[in-house]
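Trainee: Sequence:
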Amino acid sequence: MTVTCPEGHASQATDYCDVCGAPIAAGGAAAPGVPEPGAAAPAGGNTAETEPVTCPNCGDVSPAGSLFCENCGYDFTTGTPAPPPPPPGSGLDLGALGAAGHGGAGPGGASGAVAGPGPTPGAGGTAASAPVPATPGGSPAGAPGPGAPGTPAAPGPAGPPAGTAAPSGGPGGLAAPPIPGDTAWVAEIWVDPDWYAHERPEDPLPSAGLPGLVTLRQRSLLVGRPSQSRGIRPDVDCGSDPGVSRRHCQLSTDGQRWWVEDLGSSNGTFVAAAGDPLPDTPLTQGVRQEIEEGDRLFIGAWTRLVIRKALPGEV
Numbered sequence: 001m002t003v004t005c006p007e008g009h010a011s012q013a014t015d016y017c018d019v020c021g022a023p024i025a026a027g028g029a030a031a032p033g034v035p036e037p038g039a040a041a042p043a044g045g046n047t048a049e050t051e052p053v054t055c056p057n058c059g060d061v062s063p064a065g066s067l068f069c070e071n072c073g074y075d076f077t078t079g080t081p082a083p084p085p086p087p088p089g090s091g092l093d094l095g096a097l098g099a100a101g102h103g104g105a106g107p108g109g110a111s112g113a114v115a116g117p118g119p120t121p122g123a124g125g126t127a128a129s130a131p132v133p134a135t136p137g138g139s140p141a142g143a144p145g146p147g148a149p150g151t152p153a154a155p156g157p158a159g160p161p162a163g164t165a166a167p168s169g170g171p172g173g174l175a176a177p178p179i180p181g182d183t184a185w186v187a188e189i190w191v192d193p194d195w196y197a198h199e200r201p202e203d204p205l206p207s208a209g210l211p212g213l214v215t216l217r218q219r220s221l222l223v224g225r226p227s228q229s230r231g232i233r234p235d236v237d238c239g240s241d242p243g244v245s246r247r248h249c250q251l252s253t254d255g256q257r258w259w260v261e262d263l264g265s266s267n268g269t270f271v272a273a274a275g276d277p278l279p280d281t282p283l284t285q286g287v288r289q290e291i292e293e294g295d296r297l298f299i300g301a302w303t304r305l306v307i308r309k310a311l312p313g314e315v
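Residue numbers (our numbering): 1 to 315.
Incorrect hints may have been included.
As the list claims (entries may be wrong) - Between beta-carbon pairs, the in silico distance windows are:
id, residue 1, residue 2, range
1, Pro56, Glu292, 34 to 40 Å
2, Glu199, Ala176, 26 to 32 Å
3, Thr78, Pro211, 26 to 32 Å
4, Asp194, Thr77, 38 to 44 Å
5, Glu292, Val61, 36 to 42 Å
6, Pro204, Pro282, 20 to 26 Å
7, Gly209, Glu293, 22 to 28 Å
8, Ala310, Gly8, 40 to 46 Å
9, Ser229, Thr77, 20 to 26 Å
Don't read these hints as lab results, they were simulated from the structure.
Predicted model, so just to flag it, every value in this text is computed and none were measured.
Just so you know, even glycine gets a beta-carbon here, dropped at the ideal spot from N, CA and C.
Please model the complete structure; the sequences and the hints are all you need to start from.
Mentor: Okay, structure coming up:
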């Protein structure tokens, strides 16, 4: 059965929208603001329920009637005190730096790369750090031509200062560096009935089968739930658990040790060693805590994460 979320998206799921993640109230197949046939009008003409809700945690505006903030998962029904927001990301446009690093040629080097009205062999510079394209006449732009012996090259546009080479890697250079060393790591994603009983959420518990396995390849990985509208694609996807925030916590490593940091989630991040009782105190938001291999991370309504070395054949 397909229902319509408060934002007007068609969704196969009847609790949260498949497209934007907005909560879908019971019988919420009607479009926003249009009452279903036979539905009674709100008592007293209260219009507060039809107005957008501003999250006190992150300041994001959610659709009317939302139970959770789509951006951070803040619970509007319990009125949990707003935690401090996560630190802002870098505003540096690395893509522009990458383009400048590949296009700039140092003093004198760019004069051979700019085509004039005709071929001008011999208008080359002395830069030898990067290959230079050939001019229409066939001579490399950096080589002295036979027609202008001893003629000094005109100074070209200034290139980037020394030490500011463009970052290597993909466009923009935004990908996190890979995990150093030869050790392969994985994350197990469990549906934990004990944690579900500890949290006592209203959502039904999924079947607890074998864990999901995620290969960890980067030094920094985001744990959370994806959001198409906000372009959030976590490295460790816990999207089936509605209690997990979009950007819940961050995992980081130096290749041997691991740390976890809560990014301002509304339901907290909990850590317990293997064999210890279920934890009751969440991590302090914004503070990294080291975890041992095999420690259990509890997030959301039923999710348990375990970081460990990969077994032969797993990666």
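Trainee: Look at each hint and say if it fits the structure.
Mentor: Right, here's what the structure says about each hint:
Our hint of 34 to 40 Å for Pro56 and Glu292 holds, since their Cβ atoms are close to 35 Å apart. At roughly 31 Å, the beta carbons of Glu199 and Ala176 sit within the given window of 26 to 32 Å. The hinted range of 26 to 32 Å is satisfied by Thr78 and Pro211, whose Cβ atoms lie roughly 29 Å apart. With their beta carbons about 25 Å apart, Asp194 and Thr77 fall outside the hinted range of 38 to 44 Å.
As the Cβ distance of Glu292 to Val61 is approximately 41 Å, the hint placing it in 36 to 42 Å holds. Separated by about 24 Å at the C-beta atoms, Pro204 and Pro282 satisfy the suggested range of 20 to 26 Å. About 24 Å separates the C-beta atoms of Gly209 and Glu293, a value consistent with the hinted range of 22 to 28 Å. Hint check: Ala310 to Gly8, Cβ distance near 43 Å, so the stated range 40 to 46 Å holds.
For the pair Ser229 and Thr77, the supplied restraint of 20 to 26 Å holds, since their beta-carbon distance comes to about 22 Å.
The structure shown violates just one earlier hint, number 4.
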